[in-house]
Amino acid sequence: MKQPIGSYPRVRVRGDGCQVISQAGAVLLVETVRKSGLDQAISAALGPWRKPRAVHDPGKILLDLALAVALGGDCLADIAVLRAEPALFGPVASDPTVSRLIDALATSDDAALRAIRTARAEVRSRVWSLAGKNAPHADGEVTVDLDGVLVIAHSDKQDAAPTWKKTYGHHPLMGFVDHGPGGTGEAVAALLRPGNAGSNTAADHITAARLALAQLPQKYRRGRQPLIRTDSAGGTYEFVAWLAQRGRWLSYSVGMVITEAIHSHVLKIPASAWTPAIETDGEIRDGAWVAELTGDLLEGWPKGMRLIARKERPHPGAQLRITDADGMRITCFATNTAGRPIAELELRHRLRARAEDRIRAARASGLRNLPLHHTAQNKVWLEVVQIALDLLAWMPMLALTGTARLWEPRRLRFRLFSAAAQLVTTGRRRILRLARHWPWTHEITDALERLSLLPNPG
Numbered sequence: 046m047k048q049p050i051g052s053y054p055r056v057r058v059r060g061d062g063c064q065v066i067s068q069a070g071a072v073l074l075v076e077t078v079r080k081s082g083l084d085q086a087i088s089a090a091l092g093p094w095r096k097p098r099a100v101h102d103p104g105k106i107l108l109d110l111a112l113a114v115a116l117g118g119d120c121l122a123d124i125a126v127l128r129a130e131p132a133l134f135g136p137v138a139s140d141p142t143v144s145r146l147i148d149a150l151a152t153s154d155d156a157a158l159r160a161i162r163t164a165r166a167e168v169r170s171r172v173w174s175l176a177g178k179n180a181p182h183a184d185g186e187v188t189v190d191l192d193g194v195l196v197i198a199h200s201d202k203q204d205a206a207p208t209w210k211k212t213y214g215h216h217p218l219m220g221f222v223d224h225g226p227g228g229t230g231e232a233v234a235a236l237l238r239p240g241n242a243g244s245n246t247a248a249d250h251i252t253a254a255r256l257a258l259a260q261l262p263q264k265y266r267r268g269r270q271p272l273i274r275t276d277s278a279g280g281t282y283e284f285v286a287w288l289a290q291r292g293r294w295l296s297y298s299v300g301m302v303i304t305e306a307i308h309s310h311v312l313k314i315p316a317s318a319w320t321p322a323i324e325t326d327g328e329i330r331d332g333a334w335v336a337e338l339t340g341d342l343l344e345g346w347p348k349g350m351r352l353i354a355r356k357e358r359p360h361p362g363a364q365l366r367i368t369d370a371d372g373m374r375i376t377c378f379a380t381n382t383a384g385r386p387i388a389e390l391e392l393r394h395r396l397r398a399r400a401e402d403r404i405r406a407a408r409a410s411g412l413r414n415l416p417l418h419h420t421a422q423n424k425v426w427l428e429v430v431q432i433a434l435d436l437l438a439w440m441p442m443l444a445l446t447g448t449a450r451l452w453e454p455r456r457l458r459f460r461l462f463s464a465a466a467q468l469v470t471t472g473r474r475r476i477l478r479l480a481r482h483w484p485w486t487h488e489i490t491d492a493l494e495r496l497s498l499l500p501n502p503g
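Heads up: the sequence shown begins at 46 in the working numbering, then just goes up one per residue.
Be aware that a few hints might be false.
Stated by the list, open to error - In silico DSS-like cross-links for lysine-lysine, where the CA-CA straight-line distance does not exceed 30 Å:
# : residue 1 : residue 2
1 : Lys210    : Lys424
2 : Lys178    : Lys264
3 : Lys264    : Lys424
Hints listed in this document are in silico derivations from the structure and should not be mistaken for laboratory results.
Based on the sequences and whatever the hints tell you, model everything.
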């Protein structure tokens, strides 16, 4: 009787291959670094931390670490993936050298963080200029979403504490630029906080907003082009007042907690005052309405603030909350935008839900865990994570088209970055030959062609 051979072919494995490059698709990230000038900017920013006769440049070390995170790494040791491919990534520092740099940056009293952030802001301005119509300033408005993220600590780390979800870890406050329906988003703020930090702490929201706005190119920081969006955690008087003080050049759309006063006011709104909510395609949303709240509810709040409520029939099986009314789910937000229909403003605020996609991408790119013990070290790690997220946003914005621009990090890694290739040396040239049968080889080569057409920095 013939023995079955199984479902998969049987091959012999040997560990003596050469001239084979793994993670060859990461050349897309390397080219993005080169065309954006990020390597030069970070290197110049961290120049003061380079020791005499040092072999490795601190900027290159930090960028290598960010590239490792972009490829799926979640600790310092994962830089070994780059070290194994010097033909693609160049010389990569040893683990002890990487650790010493992180320690040196962590003990700089935030001077290193400020230098890194300044360099990122300069490069972001160049990238948005290169991106042209693909840059995230559709209709002249740049949207920044602020949201908190719970990061679980699996060991005792500095400032780790019980969280409001009964877990243990940290509660950083993040800021993301929304690229809109045709793209993803990029991280522009990361404020590391203990796990027991309050969700609605106004001072933290102000700090995160400052960090985020400082990352925007100068010409997008005026004329109400920036829009700050938050959920109800940002709906405090102190934060709204801070936003309102900058009302000449800043717009806001901030979720509000349904107080007893708001609840009572909603119950008194006549049916004729409710306007049907709309969807992104402009169609009327069945079972949802919006109305503007006026009167004494606005007393004591900043001048120019508008309060807009939404009511909708909950989906089947949903449990109503104590703040809901007449079997309807009630939400509310505040904005200082005038001259636009309230249904349009409510849709704009509802699109803040895309921040959850950005958080998911951040968790998959180094934010699932803070790998270091001390808070100052993990602050540096958060900057590394943001650089990785920048690259994962800039590369599609500059080089990919169609649905590929919407791919999140996990899909980029699976389809593009994980592609293998053969390194061929001919004459004085080195050629990376991607597998012809790989389903997404054309995506990689087309993207590299687009990057090659961009002007070099400097």
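Checked hints:
1. Lys210 <-> Lys424: Between Lys210 and Lys424 the Cα gap is close to 23 Å, so the pair holds against 30 Å.
2. Lys178 <-> Lys264: Roughly 16 Å between the alpha carbons, so the hint for Lys178 and Lys264 holds.
3. Lys264 <-> Lys424: The hint holds at about 28 Å.
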